[in-house]
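Chemist: These are the residues of each chain, in order.
Protein chains: 4
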Amino acid sequence: MIGGGPDSFIGAVHRNAAWLDGKFDLVAGAFSSSAEKSQQAGAQLGLDPNRVYDSYDELFEKEQKLPKNQRVEAVAIVTPNHVHADPAMKALENGMHVIIDKPLSFDLDEAKQLKKKVDETGLIFALTHSYTGYPMIKEARHQIAGGKFGGLRKIFVEYPQGWLSHSLEKEGNKQASWRTDPSRSGAGGAVGDIGTHAANLAEYVSGLKIERVCADLNTVVEGRNLDDDASALLRFEKGASGVLIATQVAAGEENDLKLRVFGEMGGLEWSHKDPNTLLIKMLDEPVHIYRTGTDYVADITKKNTRLPAGHPEGYLEAFANIYLAFGDAVQDYNRGALKEIKSYDFPTVEDGVRGMAFIKTMVESSNSNTKWTKFLL
Amino acid sequence: MIGGGPDSFIGAVHRNAAWLDGKFDLVAGAFSSSAEKSQQAGAQLGLDPNRVYDSYDELFEKEQKLPKNQRVEAVAIVTPNHVHADPAMKALENGMHVIIDKPLSFDLDEAKQLKKKVDETGLIFALTHSYTGYPMIKEARHQIAGGKFGGLRKIFVEYPQGWLSHSLEKEGNKQASWRTDPSRSGAGGAVGDIGTHAANLAEYVSGLKIERVCADLNTVVEGRNLDDDASALLRFEKGASGVLIATQVAAGEENDLKLRVFGEMGGLEWSHKDPNTLLIKMLDEPVHIYRTGTDYVADITKKNTRLPAGHPEGYLEAFANIYLAFGDAVQDYNRGALKEIKSYDFPTVEDGVRGMAFIKTMVESSNSNTKWTKFLL
Amino acid sequence: MIGGGPDSFIGAVHRNAAWLDGKFDLVAGAFSSSAEKSQQAGAQLGLDPNRVYDSYDELFEKEQKLPKNQRVEAVAIVTPNHVHADPAMKALENGMHVIIDKPLSFDLDEAKQLKKKVDETGLIFALTHSYTGYPMIKEARHQIAGGKFGGLRKIFVEYPQGWLSHSLEKEGNKQASWRTDPSRSGAGGAVGDIGTHAANLAEYVSGLKIERVCADLNTVVEGRNLDDDASALLRFEKGASGVLIATQVAAGEENDLKLRVFGEMGGLEWSHKDPNTLLIKMLDEPVHIYRTGTDYVADITKKNTRLPAGHPEGYLEAFANIYLAFGDAVQDYNRGALKEIKSYDFPTVEDGVRGMAFIKTMVESSNSNTKWTKFLL
Amino acid sequence: MIGGGPDSFIGAVHRNAAWLDGKFDLVAGAFSSSAEKSQQAGAQLGLDPNRVYDSYDELFEKEQKLPKNQRVEAVAIVTPNHVHADPAMKALENGMHVIIDKPLSFDLDEAKQLKKKVDETGLIFALTHSYTGYPMIKEARHQIAGGKFGGLRKIFVEYPQGWLSHSLEKEGNKQASWRTDPSRSGAGGAVGDIGTHAANLAEYVSGLKIERVCADLNTVVEGRNLDDDASALLRFEKGASGVLIATQVAAGEENDLKLRVFGEMGGLEWSHKDPNTLLIKMLDEPVHIYRTGTDYVADITKKNTRLPAGHPEGYLEAFANIYLAFGDAVQDYNRGALKEIKSYDFPTVEDGVRGMAFIKTMVESSNSNTKWTKFLL
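Order-wise, the sequence lines are chains A, B, C and D. So for the first sequence, the numbering used here puts the first residue at 1; every next one is plus one. So for the second sequence, the numbering used here puts the first residue at 1; every next one is plus one. So for the third sequence, the numbering used here puts the first residue at 1; every next one is plus one. So for the fourth sequence, the numbering used here puts the first residue at 1; every next one is plus one.
Keep in mind the hints are simulated off the structure, nothing from the lab. Any given hint might turn out to be false.
[Said to hold, decoys possible] Now the in silico label distances, taken between C-beta atoms and shown as ranges:
| # | chain 1 | residue 1 | chain 2 | residue 2 | range |
| --- | --- | --- | --- | --- | --- |
| 1 | B | L45 | C | D295 | 41 to 51 Å |
| 2 | D | K339 | A | P182 | 21 to 31 Å |
| 3 | B | L66 | C | L45 | 17 to 27 Å |
[To be verified] Simulated crosslink set (SDA-like; lysine to any residue; CA at most 25 Å straight-line):
| # | chain 1 | residue 1 | chain 2 | residue 2 |
| --- | --- | --- | --- | --- |
| 4 | A | K258 | B | K170 |
| 5 | B | K170 | C | G293 |
| 6 | A | K23 | D | E61 |
| 7 | B | K273 | C | G150 |
| 8 | D | K302 | B | M265 |
[Stated by the list, open to error] Residues of chain B clear of chain D, computed beta-carbon distances all greater than 12 Å:
| # | residue |
| --- | --- |
| 9 | K23 |
| 10 | S34 |
| 11 | S55 |
| 12 | E93 |
| 13 | K117 |
| 14 | K170 |
| 15 | K174 |
| 16 | K281 |
| 17 | P286 |
| 18 | R291 |
| 19 | A309 |
| 20 | E340 |
| 21 | S366 |
We treat Cβ as the ideally placed atom computed from N, Cα and C, and that holds for glycine.
Isolated chain A (complex conformation) (with noise of 0.2 Å):
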């Protein structure tokens, strides 16, 4: 693991994640630009001393070093935004898997590299938005691709979070502060942090690509460096229009990415809040409570499950399908019988290239005072 130190909010999530199903072991790291904190957590973390490293190149050098089969594997990269791009190339190159947090770098160009050396070596790559791991999340894509809603028309689309109200980054808060700050966030404050997250949820549960937007975004609170507030108009692929809102100024919501799709003969509607169901509503049919669990789910939404009806599971047990299906690749890559990505059904290097570039065209259409913005891939 690089980075997910002390203060690290999804250094802690991603080790969740992987030890949940017991397939991962964690077995050295790099957890902080500072030694003294690296060396802090490993110990805490009950790692060898041995394999607990100063810094990212440390550990490739050393790592390398070893015999193949005690060498780490698969890298997790869990560092704020502008230290994305350097460890995950040097994973690369040094002929690990990478597992990576959102959004994949600090620009478009960074990551338009990393999908170069990714194409190139032929590792296992994902991006961890974590959301598209939801079994409902599975089941409302299922039933989109089946057909059931007809043509698609509206995507609706919200991620509100309240936390960035105030000016918590003067407050002494570690998240907020990276987060906020754009040599270390890039050029995107909300719309980086959960903008993506919402915009990959919708085009994945979909099926359509964003074509054009007509954003704004606002620095609610005075003397922040990035937006905190984000709205858009869409146009999808196919005709599809929508909206989407990603803010961390709506004071008083925690976290409550929601989801809605309309179709020519219904739509569905999933909410973070209660992620184990998925609403389906079919005209003048009374709407259906899809659950977790249940024997009625596709197969990928039971794949994705771990427990029986009435058994909640959350946003570790989502974040973990990833691991598990990066682990699958992983697993297949090792004996020699990598099957096409995508069938993996994992977040990839080329949904990180959508995220990025999808902060740069918010970011000029907001700045732009022509109504559409094309999707600036």
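Please arrange chains B, C and D on chain A, whose structure you already have, making use of the hints.
Modeler: Then chains B, C and D, alone, in the frame of chain A:
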């Protein structure tokens, strides 16, 4: 009553609302542009046949000849939009108070003329933006006005319906027929029918006026002659921004108006699905579920509530609240004690003018390649 | 109207319910045991002072002298329980139809005498078990009667309130005062006031009669003279069993009547908090959310609905549905075309007798050390 | 691990829960009474074949011969109820700590013997009453213990499931097979399987012991050999009373454990459907929605939460909290610093004894004609 014949939806609503509190009697009507249907409706309603008229012109003419204490005192106009302004003008000219369905008129010009006439005559003129009659909408407005949330930042209002997902207007549905016909409905389809409700509610509750919009109106169902889907980015006074969604092609949705407002210190959420509830979300506090019929709500909320907590009130009660407020004004007018019209807290001709301007602005914005369009009052 | 003066809750409800559909006029009343308060109420209601009476005896005497076509046709009795039977008997003796609040009477004997009188006179007699007027209660009953769930197995009904968590009766609260006073309320406190609603609803929807109960009645608040809390195990006809909860000391609860019925193949759930929704739960299927105002519900459901889907109706509308059904029967009676009384689908004197028997059975069971007590009809 | 082979539901749950936080390694197992199935499970789990045993007797024998620092330290017992006591006794005799699924044993006698052995050995013994691991259950218990609601009055706990609505046990379902078989499950069916969870949760949260019950156990599905449905009136210490429902024939229900507790000044509600939420209902206040991951909850709640607000945690996380607490105790034991066992806040052998006594009491009460049966400890 003018309009409200056999195929009318809103005519029956107005009658129930007027009757509910025992304060209004229905004594006369011109219920349809068809004399026969008007008589039929009058008979069903048990009216004196002498006061069931073939046309509203006849109504005004004949009622005017009755002694003042027998004559119709106030007229409810519940016709399609293109038959709003004419009977409303004539009612005012005949000294009758008017309560009229929204949107106010066919276009902004008519609306302005009506406003002029109302100002001239000093008669009472109410517009049934029904949702503003809900007790928890009063509570929301009250709490915001009291400064509970600090300066407002974000306003999200949405009004998804699914009933126009097909070409109902070609299947003999009267409601769909006039509402999708520009010669009867005016320049706006969804934006006029439900978008005006959404905009009015957002302004009423927040106390902030919309200053600019960036709209995307769509005619989703092929062959339809008016928009059936509208989305817009909004800029309000005092730096607040927001999003408005009003769509009639969200297949499977009912009539799910929802408003969320966020300020510096918290926010609120109201949904038409559960109208007796108002969620109050303060930063770092549990969400508080405010409910109608309780002791802790504001006086204005109590005034608009009939039942103790736990006894649901609905759409007709909200509608009736507008009738009650209108009735109070009429009574005060009659005894020469009319107070400032705003103090009665019902939607007025001014709201109607803003509604028509909103439609015009949205249509113009949607046709423009420029991002922002100023509110065209 | 008899009762329904200044401090009455249910009097206003009856009036709103009667007025809502424009089918009833309030023309006379004896609104209080205090002549002064009766006059005051009549004046507020705008009645002809000649028909506001000092007592219900006076009402019957004077109305009887009016010409038949001017005379009160039906009487609404909304007094405390101990003043139910006497005015009801006198109304029937004077040839007036009766609509009366529940529970029917002070005790079972009175109830049986009333039933005898109703049978003798053939007049229309309705009991306002208001919750049975909800459209989704009609739908629930319809679906069960149609055999959708197979043989019924479990019936859970609960009615938690919190308003009597303190000794409100000692703080000048009129409602609390008579409802906790055995000399005015009868043998049952919570069990009479809300337990009868719960039992009636369970029987009405399931179509099954309670045969045995095992009750635990408690007087939770010190110094109170009647039960304020009741729970019971139930045995129904045809092998079904269940649980009933009716408590007025569930501090923080409003008025949350809830019914769940389960059969061999599925079950249903209805909650007063969201009365326009009925959850249908079939084995191995998604839960189906049935909603009022839709096309797919039963005719009887549609008949009890005024508005299209997504327009909430509430308690007054449900109450008004009982008035409408009662009015239909009165009209048919008047034109000599009365059908079988059950066909009008309003609660009758028989329901009232069962309600009084229920109270008696519950009290006796609670006082007994034997587990099961037969229903004492 | 003992048990948890191919057809086990709870075995996988224990493994996920143990793994989630990276604190436990699975090193050995006797996964089935069939040696072949045990080996198969061990292979699937990637265990060293030398430590996959044909029986738990072999496990104890062979592990005992390993050097202490390699030997199994704690045993998870996840077999059907009739194979609980024997391996648990042997584990304790072999100096191993035990974590065991509920109910504790086949009958009360076994339970008492186990308790005796635990007391003698001083080893750590945890019982996985999983629902007590939820953070909002901790919060509920904390708020009640702090006196927020005053003296407790009413406790309603219900646990409706629908999965045994048919004779699944005759259709080859392994779970249904042993759970409805008195020779494997013990004297209780639904009352043992889920009733014990409900009773334990009610006692844990309220801090009050059940003193008397009046139970109605039913075998609803024809031909079944154990109760599949249980209801009971409850009397708790200190004057509180309540109702318990535990049924497996509520067709269409999932696993909807729900607890409501009411005191003099308010109450709380927790539902397994939405486990990260706790409703706090104080008299004359808005209902407060407490949520996991927030700053305002108690320290014990925070300790049992992994993620910030808005990131749902579920059943596995709650289960893992019990493993974490058990692991803390084991660690303290190992370093000779064991604190008072209650302080670790996991369900102990005492809870297990109470659970078995609860089953016995419920069965006896159901067979009795006397209303109340004392808790048979």
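Chemist: If a hint holds in the structure, say so; if it does not, say that too.
Modeler: Right, here's what the structure says about each hint:
{"no.": "1", "hint": "B/L45 <-> C/D295: 41 to 51 Å", "in the structure": "violated, 26 Å"}
{"no.": "2", "hint": "D/K339 <-> A/P182: 21 to 31 Å", "in the structure": "violated, 49 Å"}
{"no.": "3", "hint": "B/L66 <-> C/L45: 17 to 27 Å", "in the structure": "holds, 26 Å"}
{"no.": "4", "hint": "A/K258 <-> B/K170", "in the structure": "violated, 34 Å"}
{"no.": "5", "hint": "B/K170 <-> C/G293", "in the structure": "holds, 22 Å"}
{"no.": "6", "hint": "A/K23 <-> D/E61", "in the structure": "violated, 29 Å"}
{"no.": "7", "hint": "B/K273 <-> C/G150", "in the structure": "violated, 32 Å"}
{"no.": "8", "hint": "D/K302 <-> B/M265", "in the structure": "holds, 24 Å"}
{"no.": "9", "hint": "K23", "in the structure": "holds, 31 Å"}
{"no.": "10", "hint": "S34", "in the structure": "holds, 50 Å"}
{"no.": "11", "hint": "S55", "in the structure": "holds, 52 Å"}
{"no.": "12", "hint": "E93", "in the structure": "holds, 49 Å"}
{"no.": "13", "hint": "K117", "in the structure": "holds, 45 Å"}
{"no.": "14", "hint": "K170", "in the structure": "holds, 40 Å"}
{"no.": "15", "hint": "K174", "in the structure": "holds, 39 Å"}
{"no.": "16", "hint": "K281", "in the structure": "violated, 9 Å"}
{"no.": "17", "hint": "P286", "in the structure": "violated, 4 Å"}
{"no.": "18", "hint": "R291", "in the structure": "violated, 7 Å"}
{"no.": "19", "hint": "A309", "in the structure": "violated, 10 Å"}
{"no.": "20", "hint": "E340", "in the structure": "holds, 32 Å"}
{"no.": "21", "hint": "S366", "in the structure": "holds, 35 Å"}
The structure fails hints 1, 2, 4, 6, 7, 16, 17, 18, 19 (numbered hints given earlier, in ascending order).
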